[in-house]
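Student: Sequence:
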Amino acid sequence: MPEARTPTRSDTAPAPVSVAIAYHSGYGHTARQAAAVAAGVDSVPGAAADLRDVTTLDAELWAALEAADAIVFGSPTYMGATSAVFQQFAEASSAIWAARGWQDKLAAGFTNSAGLNGNKDNTLLSMAVLAGQHGMHWVSLGLLPGWLYTSTGTPDEPNRLGGFLGAMAQSPADLGPDRAPGESDLRTAHHLGARVASTALRLAHGREAAAHLAAA
1430 MPEARTPTRS DTAPAPVSVA IAYHSGYGHT ARQAAAVAAG VDSVPGAAAD LRDVTTLDAE
1490 LWAALEAADA IVFGSPTYMG ATSAVFQQFA EASSAIWAAR GWQDKLAAGF TNSAGLNGNK
1550 DNTLLSMAVL AGQHGMHWVS LGLLPGWLYT STGTPDEPNR LGGFLGAMAQ SPADLGPDRA
1610 PGESDLRTAH HLGARVASTA LRLAHGREAA AHLAAA
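Numbering (this note's numbering), first residue to last: 1430 to 1645.
It is worth saying that the hints were derived from the structure and are not from the lab. Beta carbons are placed, not taken as given, at the ideal position from N, Cα and C, and that holds for glycine. Any given hint could be a false lead.
Simulated restraints, written as ranges between beta carbons of each label pair [stated by the list, open to error]:
no., residue 1, residue 2, range
1, Ala1640, Phe1593, 31 to 39 Å
2, Leu1642, Asp1482, 39 to 47 Å
3, Ala1644, Thr1484, 42 to 50 Å
4, Ala1493, Glu1520, 17 to 25 Å
5, Trp1491, Ala1645, 22 to 30 Å
6, Asp1482, Trp1526, 20 to 28 Å
Based on the sequences and whatever the hints tell you, model everything.
Tutor: And the structure:
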């Protein structure tokens, strides 16, 4: 009989990655966007989404974020910035910052507002700065701009608002979360979730390969 062979890494299934979506939603619109991000994560084999509302800052929340390979931040844009609830969460993460608990995790962000612009870039920038404070690696949206970029563009295209740092959505103030954000913005959020999950898998596999080579 042939000699038994010790299985190598290539013989085994890759370890799954966890992508936490840490978000606040004031009226339900950003929660709908968060669900689309989670669906994008779950569409990638080997990745699992973990939706976490940051309204309650309890031990379960912090443990879930510590266990995640990536954290996608989400907040509505209020007065050109993140919501007060999200900012409270960001400031409460200072103990994790001191211990470098999120060091080298992936990070990304999404936001929603009633206006087409609303200074959503400022909200995403503050999330990227938060990620930088924690020593995380920021994953951008990775989509060309859609609607209004060319004369033939339509509002049905992904990234219709032309963001690059993260996923943007727009929900008219007189529409509830059952009707807004629209499908194009939800597809944009789905794309972000899938992109973060795919990047997290590549990073995890690279770390596993490096460890395997180091042990050889």
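Student: Do the Cβ positions of Ala1644 and Thr1484 conform to the proposed distance bound of 42 to 50 Å?
Tutor: holds (43 Å)
Student: Take the C-beta atom of Trp1491 and the C-beta atom of Ala1645, compute their distance, and say whether it sits inside 22 to 30 Å.
Tutor: Between Trp1491 and Ala1645, where Cβ atoms are some 37 Å apart, the hint is violated.
Student: When you take the CB atoms of Ala1493 and Glu1520, is the distance between them in 17 to 25 Å?
Tutor: The hint (17 to 25 Å, Cβ to Cβ) holds, given that Ala1493 and Glu1520 are roughly 19 Å apart.
Student: I want to verify a distance hint. Is the separation of the beta carbons of Leu1642 and Asp1482 within 39 to 47 Å?
Tutor: holds (40 Å)
Student: With respect to the beta-carbon atoms only, verify the hint that Ala1640 and Phe1593 lie 31 to 39 Å apart.
Tutor: holds (33 Å)
Student: Quick one: are Asp1482 and Trp1526 within 20 to 28 Å, going by C-beta?
Tutor: With Cβ atoms ~21 Å apart, the hint holds.
In summary, the structure is inconsistent with hint 5 from the numbered list given earlier, while agreeing with all the others.
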